[in-house]
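Peer 1: Listed here are the chains, written in short residue letters.
There are 2 protein chains.
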Amino acid sequence: MPVPMSPPLHPGTKQPADPEFLSALFPMSLIMQEMSPERWIEIPEPVREIYRLWRPTPMFRAVRLEKALGTPAHIYYKYEGVSPAGSHKPNTAVAQAFYNKEAGTKALTTETGAGQWGSALSMACKFFGLDLEVYMVRVSYDSKPYRRYIMESFGAQVYPSPSTNTEYGRGVLAADPHSNGSLGIAISEAVIAAASSGGAKKYSLGSVLGHVLMHQTVIGLEALEQMEMAGEYPDMVIGCTGGGSNFAGFCYPFLHQNLTKGHKTRIIAVEPAACPSLTKGRFAYDYGDTAAMAPIVKMFTLGHTFMPPGIHAGGLRYHGMAPSLSALVDGGYIEARAVMQRPTFAAALEFAASEGILPAPEAAHAVRAAIDEALLCKRDNVKKVIAFNLCGHGHFDMAAYDAYHTGKLQDYEYPAAAVNEAMTHLPQVDFA
Amino acid sequence: MPVPMSPPLHPGTKQPADPEFLSALFPMSLIMQEMSPERWIEIPEPVREIYRLWRPTPMFRAVRLEKALGTPAHIYYKYEGVSPAGSHKPNTAVAQAFYNKEAGTKALTTETGAGQWGSALSMACKFFGLDLEVYMVRVSYDSKPYRRYIMESFGAQVYPSPSTNTEYGRGVLAADPHSNGSLGIAISEAVIAAASSGGAKKYSLGSVLGHVLMHQTVIGLEALEQMEMAGEYPDMVIGCTGGGSNFAGFCYPFLHQNLTKGHKTRIIAVEPAACPSLTKGRFAYDYGDTAAMAPIVKMFTLGHTFMPPGIHAGGLRYHGMAPSLSALVDGGYIEARAVMQRPTFAAALEFAASEGILPAPEAAHAVRAAIDEALLCKRDNVKKVIAFNLCGHGHFDMAAYDAYHTGKLQDYEYPAAAVNEAMTHLPQVDFA
Numbered sequence: 028m029p030v031p032m033s034p035p036l037h038p039g040t041k042q043p044a045d046p047e048f049l050s051a052l053f054p055m056s057l058i059m060q061e062m063s064p065e066r067w068i069e070i071p072e073p074v075r076e077i078y079r080l081w082r083p084t085p086m087f088r089a090v091r092l093e094k095a096l097g098t099p100a101h102i103y104y105k106y107e108g109v110s111p112a113g114s115h116k117p118n119t120a121v122a123q124a125f126y127n128k129e130a131g132t133k134a135l136t137t138e139t140g141a142g143q144w145g146s147a148l149s150m151a152c153k154f155f156g157l158d159l160e161v162y163m164v165r166v167s168y169d170s171k172p173y174r175r176y177i178m179e180s181f182g183a184q185v186y187p188s189p190s191t192n193t194e195y196g197r198g199v200l201a202a203d204p205h206s207n208g209s210l211g212i213a214i215s216e217a218v219i220a221a222a223s224s225g226g227a228k229k230y231s232l233g234s235v236l237g238h239v240l241m242h243q244t245v246i247g248l249e250a251l252e253q254m255e256m257a258g259e260y261p262d263m264v265i266g267c268t269g270g271g272s273n274f275a276g277f278c279y280p281f282l283h284q285n286l287t288k289g290h291k292t293r294i295i296a297v298e299p300a301a302c303p304s305l306t307k308g309r310f311a312y313d314y315g316d317t318a319a320m321a322p323i324v325k326m327f328t329l330g331h332t333f334m335p336p337g338i339h340a341g342g343l344r345y346h347g348m349a350p351s352l353s354a355l356v357d358g359g360y361i362e363a364r365a366v367m368q369r370p371t372f373a374a375a376l377e378f379a380a381s382e383g384i385l386p387a388p389e390a391a392h393a394v395r396a397a398i399d400e401a402l403l404c405k406r407d408n409v410k411k412v413i414a415f416n417l418c419g420h421g422h423f424d425m426a427a428y429d430a431y432h433t434g435k436l437q438d439y440e441y442p443a444a445a446v447n448e449a450m451t452h453l454p455q456v457d458f459a
Numbered sequence: 028m029p030v031p032m033s034p035p036l037h038p039g040t041k042q043p044a045d046p047e048f049l050s051a052l053f054p055m056s057l058i059m060q061e062m063s064p065e066r067w068i069e070i071p072e073p074v075r076e077i078y079r080l081w082r083p084t085p086m087f088r089a090v091r092l093e094k095a096l097g098t099p100a101h102i103y104y105k106y107e108g109v110s111p112a113g114s115h116k117p118n119t120a121v122a123q124a125f126y127n128k129e130a131g132t133k134a135l136t137t138e139t140g141a142g143q144w145g146s147a148l149s150m151a152c153k154f155f156g157l158d159l160e161v162y163m164v165r166v167s168y169d170s171k172p173y174r175r176y177i178m179e180s181f182g183a184q185v186y187p188s189p190s191t192n193t194e195y196g197r198g199v200l201a202a203d204p205h206s207n208g209s210l211g212i213a214i215s216e217a218v219i220a221a222a223s224s225g226g227a228k229k230y231s232l233g234s235v236l237g238h239v240l241m242h243q244t245v246i247g248l249e250a251l252e253q254m255e256m257a258g259e260y261p262d263m264v265i266g267c268t269g270g271g272s273n274f275a276g277f278c279y280p281f282l283h284q285n286l287t288k289g290h291k292t293r294i295i296a297v298e299p300a301a302c303p304s305l306t307k308g309r310f311a312y313d314y315g316d317t318a319a320m321a322p323i324v325k326m327f328t329l330g331h332t333f334m335p336p337g338i339h340a341g342g343l344r345y346h347g348m349a350p351s352l353s354a355l356v357d358g359g360y361i362e363a364r365a366v367m368q369r370p371t372f373a374a375a376l377e378f379a380a381s382e383g384i385l386p387a388p389e390a391a392h393a394v395r396a397a398i399d400e401a402l403l404c405k406r407d408n409v410k411k412v413i414a415f416n417l418c419g420h421g422h423f424d425m426a427a428y429d430a431y432h433t434g435k436l437q438d439y440e441y442p443a444a445a446v447n448e449a450m451t452h453l454p455q456v457d458f459a
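Top line first, the protein sequences correspond to chains A and B. Take the first sequence: its position 181, counted from the start at 1, is 208 in this note's numbering, and no numbers get skipped. Take the second sequence: its position 102, counted from the start at 1, is 129 in this note's numbering, and no numbers get skipped.
The following block holds chain A by itself, in its conformation from the complex (with noise of 0.2 Å):
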């Protein structure tokens, strides 16, 4: 890191959270990995094996694409879609899975946005013989019951999140029935169902924490050997945000050249303007979950009390963004900007009639910005060497193309008042 990090904070004392409390959720191992000042971490080899099922992705570049955009651009992208999930959820699930199992946990608990997790989570768990609670957000569990079926089918328990499965669940359906629910309010929920389990489950988090990220590092590694092979190297990368964890797994390893091989690779996050906690957030100490039962942590926050519209990309509709993402857009090293629903599914169109793949809604906010960045390489009339993440396909997601086809689909504006109110709750701290 170029930058220092701040410590994550407990969310009952306000000091720094030591490993003691981490271990109530995670496995000890997980928690030396989330502190290591390791540069490198080995996968073990029972996660290779199965990574074998799909790894290495493949790399492509967008010939087809680039014809019909008429830009002398060269656009590359990496596909986690062949992943048996669909995502590149299935790289830092596998891990976890293996990690808890080999410190004898028996049963995991999580939340899940759109599906992608929490399937490629219950697809881990399976291989590991562990059993599995999922907290799924609730507007995503009405639309998407395929990614349910999926998760069922790979033997998990889903529950739509708010639940009557916790207090704070049954608190929150108390106060509005029909909550849409949201990633933070599934957070807590799936933490809570650790915390109080008395040791026998752990819980597990698709994004955010640095661990995660790292085991997503994978699709990067292999993407900077993929370009060698080439022949080329990009002069700009680009992911989707969400939590953090494909744009940190796809982009981490090219800010490594950067900052170590003297590359001046621009790096680009993109957020749905519904969501903008880079673009719009503050880096602030705020809670992970709504329930301000999770770590407090330094981040780009809308507020854990923000509620986001219910767009159709659910992955990306979460308050906060990783701690390690946050401090490097801070520090100037990562760009960020924000892009509005129907222009991106209008990219996700456009690709799909060069390439072929209808990408996942999340996947579709790379393609967007890729897309801009290839016309502006074509108004200049410059060769730019473009490359991002495809971090899945939409096969699940095929409720909201028809949305757009249908016009259904809505562009949300910044929703200025509901961050506004939601920064008044950020918690008091002493760290800077």
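Rather than coming from a laboratory, the hints here were simulated on the basis of the structure. Some clues are possibly wrong.
For identical chains, the list gives no copy identity; a pair is met inside one copy or between any two copies.
Below, in silico cross-link-like pairs of lysine-lysine (BS3-like), each with a Cα-Cα straight-line distance of 27 Å or less [said to hold, decoys possible]:
{"#": "1", "residue 1": "Lys405", "residue 2": "Lys133"}
{"#": "2", "residue 1": "Lys133", "residue 2": "Lys94"}
{"#": "3", "residue 1": "Lys94", "residue 2": "Lys128"}
{"#": "4", "residue 1": "Lys435", "residue 2": "Lys41"}
{"#": "5", "residue 1": "Lys410", "residue 2": "Lys94"}
Model the placement of chain B on the given structure of chain A, informed by the hints.
Peer 2: Just chain B now, kept in the frame of chain A:
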């Protein structure tokens, strides 16, 4: 072909169909391929350029499944689910769209069962700038809206079949307003829509015909090279059969090796017990469609008026079978077997628990047979090499998995009475 083929007949005259009759439906280049005695036909460069978006597809050894089964067998699977449409169907869709474009065709019509074929052809038509009209079997149209949204995302017009577009469809609806539809009916509607367009539209079929099967042999040709890389050769190759295209695509190149190189690889076709054309049908001349508009071909058939139960492997709900495959089964070159729905889904889940991929219900038929053969190897303590084609993933079929989990999925016995009745409607022809 080690066995003679009987010529296709004109549905009216019941005499051998000439190219002119077929040219109302297909461009001459595809008709010439259908009738070609050449062993090799080159793949045109514009088709190869698109194949490169996902080909070669991977071939895996299912090491984890072997371990879970405790079998000494080596199990390999060729995975066609990595194509953008999620199945093998784009292999011929792209080729057919190319040859039609080359011939000046502006629009195509087609039918689709589960929607895999329709998705593939929609993508191919988008690539080549052709309009497309899809008749989708009603039961799938209702239960699988996501497939329709994909087709619409690629610009296709999708109608539930029986539809009100054709006089034939209106007749079917008049007799049964709640008709589930069938591939046979949908083919009739698509054929009629093309034949009555005054040359404006051509028709495209996703299976059964010789040129379609030939386009698919890219699968088996790749598999031959991949098995050589693995240093093994299959003792048996397995595929599921609806119209025969994924099966032939994977297995015919191995049959070629049997016939020319003295290999003795067993070649096994697997079909659903609810629609068992190869194992319970008659090898006879029959119409390819329900309305008796399509050419009459000699094939294993359950009768063109047979209406299969609404099983979840929509792609296998066809009354007939590819004429070449039928002749090869009749000649003893290929074995056939039928499996029930519930054991098929059980096999799919067993496969997913080890390999991560949830197979399409169609592909699960091949999985069932591969596991059965692997268990025989275990019983007899012999190491055999089993290779099968996993022709697609089940991302759009999760409702079927849910039906299985919740006990709603039925096993259908052989529908003997319905088949016997349908057999009375076979056409009377002079050709043996």
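Peer 1: Compare the structure with each hint and give your call.
Peer 2: Evaluation of the provided hints:
Taking the shortest Cα distances, Lys405 and Lys133 never come within 27 Å of each other, neither inside one copy (55 Å) nor across copies (31 Å). Within a single copy, Lys133 and Lys94 get their C-alpha atoms only as close as 52 Å, which misses the 27 Å cut-off; across copies the closest is 22 Å, which meets it. In this assembly of identical chains, Lys94 and Lys128 lie within 27 Å of each other by CA distance solely across copies; the values are 19 Å between and 48 Å within a copy. Proximity of Lys435 to Lys41 under the C-alpha cut-off of 27 Å is found in neither arrangement, the shortest distances being 44 Å within a copy and 52 Å between copies.
Proximity of Lys410 and Lys94 under a CA criterion of 27 Å is satisfied intra-copy only: 13 Å inside one chain copy versus 50 Å between copies.
Hint violations for this structure: numbers 1, 4, all remaining hints satisfied.
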